[in-house]
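**Q** First to last, the sequence lines map onto chains A and B.
Numbering follows the working numbering, in which position 34 of the first sequence is assigned residue number 34; successive positions increment by one, without gaps.
Numbering follows the working numbering, in which position 21 of the second sequence is assigned residue number 21; successive positions increment by one, without gaps.
If you are wondering where the hints come from, they were derived from the structure by calculation, not from laboratory data.
These figures come from a predicted structure and were not determined experimentally.
Yeah, the Cβ is synthetic: ideal placement off N, Cα and C, and Gly gets one too.
Watch out, some of these pointers could steer you wrong.
[Stated by the list, open to error] Okay, derived cross-link-like pairs now, DSSO-like style, lysine-lysine, Cα gap no bigger than 27 angstroms in a straight line:
| # | chain 1 | residue 1 | chain 2 | residue 2 |
| --- | --- | --- | --- | --- |
| 1 | A | Lys168 | A | Lys147 |
| 2 | A | Lys147 | A | Lys94 |
| 3 | A | Lys94 | B | Lys401 |
| 4 | A | Lys147 | A | Lys121 |
| 5 | B | Lys165 | A | Lys94 |
| 6 | B | Lys256 | B | Lys165 |
[Unchecked claim] Quick look at which bits of chain A chain B covers, simulated, 3 or more residues with Cβ under 8 angstroms:
| # | stretch |
| --- | --- |
| 7 | 28-37 |
| 8 | 73-84 |
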Amino acid sequence: MNKLLARITALVLAATAGAAFAQQDPAALAQGVCSACHGPDGHSISPVFPNLAGQQPAYITLQLFAFRDHRRGDPNAQAYMWGMASQLSDDTIKALATYYAAQKPAPGQPGASALMAAGEKIYTQGVPAQGVPACATCHGAQGLGDKAFPRLAGQHVDYLVAQLEGFKSGTRSNAPIMLAVARTLTPEQMRAVATYASSR
Amino acid sequence: MKMQSKCGSFFALLAVACSALLLAPDNAQAVPSFARQTGMACEACHTVFPELTPFGRRFKLNGYVIDNLQQVSGMNTSKEQTLALNQLPPLSMMFQTSYTQTQTAVPDSAVSGAQAKNGQVLFPQQASLFYAGRIAPNLGAFVQFTYNGASGSFGWDNTDIRYAKMVNDHFLWGMSFNNNPTVQDLWNTTPAWQTPFDQRSSTAPSRGATTMIDGGLAGAGVAGLSAYASWDNAFYAELGAYRSAPAAAVIDSTSKNVVNANAPYWRLAYERQWDRQSWEVGAYGIDANLYPGGGVALTGPTNRYRDWAADSQYEYIGDEHLFTATATYIRENQTLDASYATGASSNLRNNLKTLRLGASYFFRRTYGAALGYFSTAGSADALLYAPALFSGYGNSRPDTKGWTAELDWVPYENTKLALQYTNYSRFNGAANNYDGSGRNASDNNTLYLLGWINF
Numbered sequence: 001m002n003k004l005l006a007r008i009t010a011l012v013l014a015a016t017a018g019a020a021f022a023q024q025d026p027a028a029l030a031q032g033v034c035s036a037c038h039g040p041d042g043h044s045i046s047p048v049f050p051n052l053a054g055q056q057p058a059y060i061t062l063q064l065f066a067f068r069d070h071r072r073g074d075p076n077a078q079a080y081m082w083g084m085a086s087q088l089s090d091d092t093i094k095a096l097a098t099y100y101a102a103q104k105p106a107p108g109q110p111g112a113s114a115l116m117a118a119g120e121k122i123y124t125q126g127v128p129a130q131g132v133p134a135c136a137t138c139h140g141a142q143g144l145g146d147k148a149f150p151r152l153a154g155q156h157v158d159y160l161v162a163q164l165e166g167f168k169s170g171t172r173s174n175a176p177i178m179l180a181v182a183r184t185l186t187p188e189q190m191r192a193v194a195t196y197a198s199s200r
Numbered sequence: 001m002k003m004q005s006k007c008g009s010f011f012a013l014l015a016v017a018c019s020a021l022l023l024a025p026d027n028a029q030a031v032p033s034f035a036r037q038t039g040m041a042c043e044a045c046h047t048v049f050p051e052l053t054p055f056g057r058r059f060k061l062n063g064y065v066i067d068n069l070q071q072v073s074g075m076n077t078s079k080e081q082t083l084a085l086n087q088l089p090p091l092s093m094m095f096q097t098s099y100t101q102t103q104t105a106v107p108d109s110a111v112s113g114a115q116a117k118n119g120q121v122l123f124p125q126q127a128s129l130f131y132a133g134r135i136a137p138n139l140g141a142f143v144q145f146t147y148n149g150a151s152g153s154f155g156w157d158n159t160d161i162r163y164a165k166m167v168n169d170h171f172l173w174g175m176s177f178n179n180n181p182t183v184q185d186l187w188n189t190t191p192a193w194q195t196p197f198d199q200r201s202s203t204a205p206s207r208g209a210t211t212m213i214d215g216g217l218a219g220a221g222v223a224g225l226s227a228y229a230s231w232d233n234a235f236y237a238e239l240g241a242y243r244s245a246p247a248a249a250v251i252d253s254t255s256k257n258v259v260n261a262n263a264p265y266w267r268l269a270y271e272r273q274w275d276r277q278s279w280e281v282g283a284y285g286i287d288a289n290l291y292p293g294g295g296v297a298l299t300g301p302t303n304r305y306r307d308w309a310a311d312s313q314y315e316y317i318g319d320e321h322l323f324t325a326t327a328t329y330i331r332e333n334q335t336l337d338a339s340y341a342t343g344a345s346s347n348l349r350n351n352l353k354t355l356r357l358g359a360s361y362f363f364r365r366t367y368g369a370a371l372g373y374f375s376t377a378g379s380a381d382a383l384l385y386a387p388a389l390f391s392g393y394g395n396s397r398p399d400t401k402g403w404t405a406e407l408d409w410v411p412y413e414n415t416k417l418a419l420q421y422t423n424y425s426r427f428n429g430a431a432n433n434y435d436g437s438g439r440n441a442s443d444n445n446t447l448y449l450l451g452w453i454n455f
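Kindly produce the complete structure, drawing on both the sequences and the hints.
**A** Here it is, written out as structure tokens:
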């Protein structure tokens, strides 16, 4: 039996040494590492972690650079992404962005009708009295995003709310436009507009 | 209340613990080896250490290999990676200091009729050095080397060296080489990492009878190899075997509870994750044939211990509120051919049943409270469970029951202060005069203050 144990151990060690080096292959990296939080194919389970499937590649690239350079410092960015992005090369970042952009996005789920109605108003018309512009102007009528403006459709409501709170409190300060937009939003307005944007 | 008269000692220890806090780093990172390697804060893998989050379970399942440090690399001509060594080793330290007080002092170890000092300070209770992290592309290790304050000795503690390979998006398999059945497990219901109350006083009285899976085998010294597989992070299956591997090199009649050949171990679990919640239900067990040893040669009949257990864990991890509930039930069927033959037990067959229920709540991972119930019960055996001052059994039964409550303060992610109270309604078989020498179960009620830092 001792011999058997020794043989199995030797086999394990041999298999380990021969493991393919896949660190720079975006699909392998996404499925082997990123998927632990962001889910297989960029569909996450917990709303702490954003869905990445179908996200704008320019936005993903910008965020990964911001994590790597410690320019995006909201609590979860520091806790998770500063470490994860620290050793990524520019090329790997771009390849990951392309990979996730090509995945099928999560479908939006409508929320409670009162929230949806209030959210739609803010999303399409803004809140002029508070100086809040319409979200649709940059993120698009269907929340699909455009280049540096992220896709919001199908994103977790709690994640969107957490980002708006981060912009308002200043913990996430790598988006100057959003710092101005979120400055006057109330928690109720954040929840409403996030529910609507997510549902697209 | 006797307890109140000792308040002064508590404040003294609190002062010690608080001064220890001042030494903690500003940017706190828990289970610091892993934090150093991954660049992620403790909260990524732990709700509050040592309890794991779903990501923490995934990190362990993957062989501790997620790594964001500068590497010393090697590659062969087929572009296969032959080396991936962290430029700096992921080392860390753990330090625990504690204060323990029992409702009635325990008997003096040498002078008959006298009592030991009550109110025991251990500084340290335990101090550990860890190597924890990746050691090769698909190979990782969690190795703990510990100084135990109660015994005053250094020794190997929990060790789990594992290989893991992701085959595709859904399927992962791996192997674990470890020295404690369930130390390789992913959930905090199993004996090695049970929460809440993963830490208890090492000087307070503890129940006499435990099942083999619940620390009995680990205490005797074992090494095990198991293979595991995971599908979609939902289904988990593991099969392995343990052999005797006590610290002393030669296993002979002086060793105790020596495994005859191999003791198979198995584990099945299902976990569902949704939103911020996860729920696990599972079962595990071991089948061990043991030579009692302890002066008897390792030949002839053995004692057979067949353990099976069912467990379940629920976790809610919010930004503000965190809640965990755990449940474990262990049943052990013993066929004591060896002990019965030598007159060490009065029955050929006995059983032991352990139930543990626990719930904990944390606010912002900082302020916490936990409550738990524990019970071990089994068949009466006059020889196996014999009377003896303090540690014996007065009425031939192994039963121990009670509850534990704990308050926690986690000022930094890597620093915990815990105040714990354990109340026994039954100890080693009885509520009153449990040892046959007049000691009651409630005399063992324990107040325990723990300061715990990892850096």
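**Q** Between A/Lys94 and B/Lys401, is the straight-line Cα distance small enough, at 27 angstroms or below?
**A** violated, 59 angstroms
**Q** If you look at each residue in the stretch 73-84 of chain A, do at least three have a Cβ nearer than 8 angstroms to any Cβ of chain B?
**A** holds (count 6)
**Q** Do the alpha carbons of A/Lys147 and A/Lys121 lie within 27 angstroms of each other, as the hint requires?
**A** The given pair, whose Cα atoms are some 24 angstroms apart, holds under the 27 angstroms limit.
**Q** Does the alpha-carbon distance linking A/Lys147 and A/Lys94 stay inside the 27 angstroms limit?
**A** holds, 13 angstroms
**Q** Tell me if chain B covers the stretch 28-37 of chain A under the three-residue, 8 angstroms CB rule, please?
**A** With 6 residues in contact (Cβ-Cβ under 8 angstroms with chain B), the coverage given for the stretch 28-37 of chain A holds.
**Q** With the threshold set at 27 angstroms, check whether the alpha-carbon distance from A/Lys168 to A/Lys147 stays at or below it.
**A** Measuring from Cα to Cα gives roughly 23 angstroms; hence the hint holds.
**Q** For a C-alpha distance cap of 27 angstroms, please report whether B/Lys165 and A/Lys94 respect it.
**A** holds, 26 angstroms
**Q** Given the hint that B/Lys256 pairs with B/Lys165, test it: the Cα-Cα distance must not exceed 27 angstroms.
**A** violated, 37 angstroms
Consistency with the previously given hints fails for numbers 3 and 6, ordered from lowest to highest.
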